[in-house]
Amino acid sequence: MGILSDDQLPGPFSIPAAWKGDELFQRQDWLIHLNELQLQDLEQALDTISKEKLTFDQISQAQFPLPHLSPVLKQIQHQLEHGSGACQLKRFPVENYSSSELESLFWLLSIHLGTPVSQSATGEKVFHVRDEGYQVGQAQARGPNTRKRLSFHTDRCDVIGFLCIQPAVSGGNNQLVSSISLYNEMRTKCPELANVLMQPFYYLRHNVDTGNQKPFCQQPIFSVHEGHFAASFLRVLIDRAYASPDLPEMSQAQQDAMNQLETLAESPELNVTFRQEAGDLLFLNNWVTFHRRDEFEDADEDSLKRHLLRVWLSVPNSRPLDPLFADNYGTTKAGSVRGGMQPSK
Numbered sequence: 086m087g088i089l090s091d092d093q094l095p096g097p098f099s100i101p102a103a104w105k106g107d108e109l110f111q112r113q114d115w116l117i118h119l120n121e122l123q124l125q126d127l128e129q130a131l132d133t134i135s136k137e138k139l140t141f142d143q144i145s146q147a148q149f150p151l152p153h154l155s156p157v158l159k160q161i162q163h164q165l166e167h168g169s170g171a172c173q174l175k176r177f178p179v180e181n182y183s184s185s186e187l188e189s190l191f192w193l194l195s196i197h198l199g200t201p202v203s204q205s206a207t208g209e210k211v212f213h214v215r216d217e218g219y220q221v222g223q224a225q226a227r228g229p230n231t232r233k234r235l236s237f238h239t240d241r242c243d244v245i246g247f248l249c250i251q252p253a254v255s256g257g258n259n260q261l262v263s264s265i266s267l268y269n270e271m272r273t274k275c276p277e278l279a280n281v282l283m284q285p286f287y288y289l290r291h292n293v294d295t296g297n298q299k300p301f302c303q304q305p306i307f308s309v310h311e312g313h314f315a316a317s318f319l320r321v322l323i324d325r326a327y328a329s330p331d332l333p334e335m336s337q338a339q340q341d342a343m344n345q346l347e348t349l350a351e352s353p354e355l356n357v358t359f360r361q362e363a364g365d366l367l368f369l370n371n372w373v374t375f376h377r378r379d380e381f382e383d384a385d386e387d388s389l390k391r392h393l394l395r396v397w398l399s400v401p402n403s404r405p406l407d408p409l410f411a412d413n414y415g416t417t418k419a420g421s422v423r424g425g426m427q428p429s430k
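Quick note, the numbering used here runs 85 ahead of the 1-based positions in the sequence shown.
Be careful, since some hints might not be right.
[Claimed, not checked] Each computed DSSO-like pair below joins lysine-lysine, with the alpha-carbon atoms no more than 27 Å apart:
no. : residue 1 : residue 2
1   : 175       : 105
2   : 299       : 390
3   : 233       : 390
4   : 418       : 159
5   : 175       : 233
6   : 159       : 105
7   : 175       : 159
8   : 274       : 105
9   : 390       : 175
It is worth saying that the hints were derived from the structure and are not from the lab. Values in this document were obtained by computation on a predicted structure and should not be read as measured data.
Whenever a hint applies, use it, and build me the whole structure from the sequences.
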């Protein structure tokens with residue numbers, strides 16, 4: 086999208102994903118409780134996976150159609166793109182399975198929603214979110230492998246999914262906010278800053294994204310392409326890019342726009358706070374939601390430390406994207422396999 090005057094900004098958007106605060110909790114597509122027949126689908130599939138010692142690449146929808154669970158997952162897939170953009174499933178019996186069994190079950194459930202993409206330089210497609218004790222400055226010290234509070238952000242995929250195996254002793258609460266509602270608010274209250282966020286920002290390539298040939302890319306924070314809204318935001322990589330002597334300094338307007346975006350995201354009128362307990366699954370559409378996690382304290386015993394599994398999914402019903410996202414996502418075509426981190430050779 087080219088440069089617009091403030092009064093030419095698209096929207097406001099009155100769609101299901103433009104929820105505010107606790108409105109999300111009242112939505113029928115927000116909370117789903119798995120029933121016994123659906124859990125039996127997974128149990129029966131795991132029996133085959135274990136007996137045949139199947140790897141992720143050998144597990145497919147065709148082999149494991151999940152007759153009772155699949156219709157629910159297809160509904161979730163649709164609602165993530167056309168509904169609230171956020172869904173939580175409860176009653177996944179994590180206590181009954183080993184870590185490797187949970188990985189297989191989470192993988193099976195996830196491939197009914199989309200195609201998992203790499204989340205690291207080693208090509209991990211099921212990523213363990215837990216405090217690994219890395220020191221500041223280590224290449225592996227990504228936010229999900231620390232216990233620190235994370236800022237509101239998106240990840241490089243269409244849909245992100247989490248399975249909580251063990252919550253923290255204290256802290257670690259989740260927060261979500263609709264990025265469409267953030268845009269609507271800024272369009273109304275400070276259109277000049279919303280307009281700034283529609284323009285390209287420099288992003289530093291992630292330090293584990295070894296496959297990229299260029300150290301920087303450009304993409305907008307807010308975008309509308311072919312009538313479809315999309316937001317992408319990871320401020321730490323924007324700030325690091327503009328700290329480089331090879332790039333122009335960030336303008337005051339850019340700083341003000343991101344500060345206002347983060348201030349609005351903090352508003353309890355716009356965001357929601359909740360806690361993922363053991364057995365809770367959370368799926369989010371990255372293009373219409375920002376998410377973050379609070380700082381947390383862990384137990385001393387390893388088995389009681391906070392531990393989640395994470396997937397990044399490219400989904401077949403995804404929206405088209407602004408061409409500027411091609412550097413980070415590979416392709417911007419709707420429904421294509423895109424995003425993730427290029428594994429090292």
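Starting from residue 233, check that the Cα of residue 390 is at most 27 Å away, please. Cα-Cα ~14 Å, so holds.
Does the structure keep residue 175 and residue 159 at a Cα separation of 27 Å or less? Given that 27 Å is the threshold and the Cα spacing comes to 17 Å, the pair holds.
Against the 27 Å threshold, does the CA-CA distance of residue 418 and residue 159 hold or violate the hint? The given pair, whose Cα atoms are some 21 Å apart, holds under the 27 Å limit.
With a cut-off of 27 Å on the C-alpha distance, tell me whether residue 299 and residue 390 pass. violated, 38 Å
So if I understand the rule, the pair passes when the alpha-carbon distance is 27 Å or less; does residue 390 with residue 175 pass? Given pair residue 390, residue 175 holds - Cα atoms ~20 Å apart, limit 27 Å.
Pairwise hint evaluation, residue 105 against residue 159, where the allowed Cα distance is 27 Å at most: The given pair, whose Cα atoms are some 25 Å apart, holds under the 27 Å limit.
Measure nothing beyond the straight line between the CA atoms of residue 274 and residue 105; if it is 27 Å or shorter, mark the hint as holding. holds, 16 Å
Given pair status - residue 105, residue 175, alpha carbons within 27 Å: holds, 23 Å
For the pair supplied as a hint, residue 175 and residue 233, confirm whether the alpha-carbon distance does not exceed 27 Å. Holds, because 26 Å separates the two Cα atoms, which is no more than 27 Å.
Hint 2 alone, counting from the list given before, is not met by this structure.
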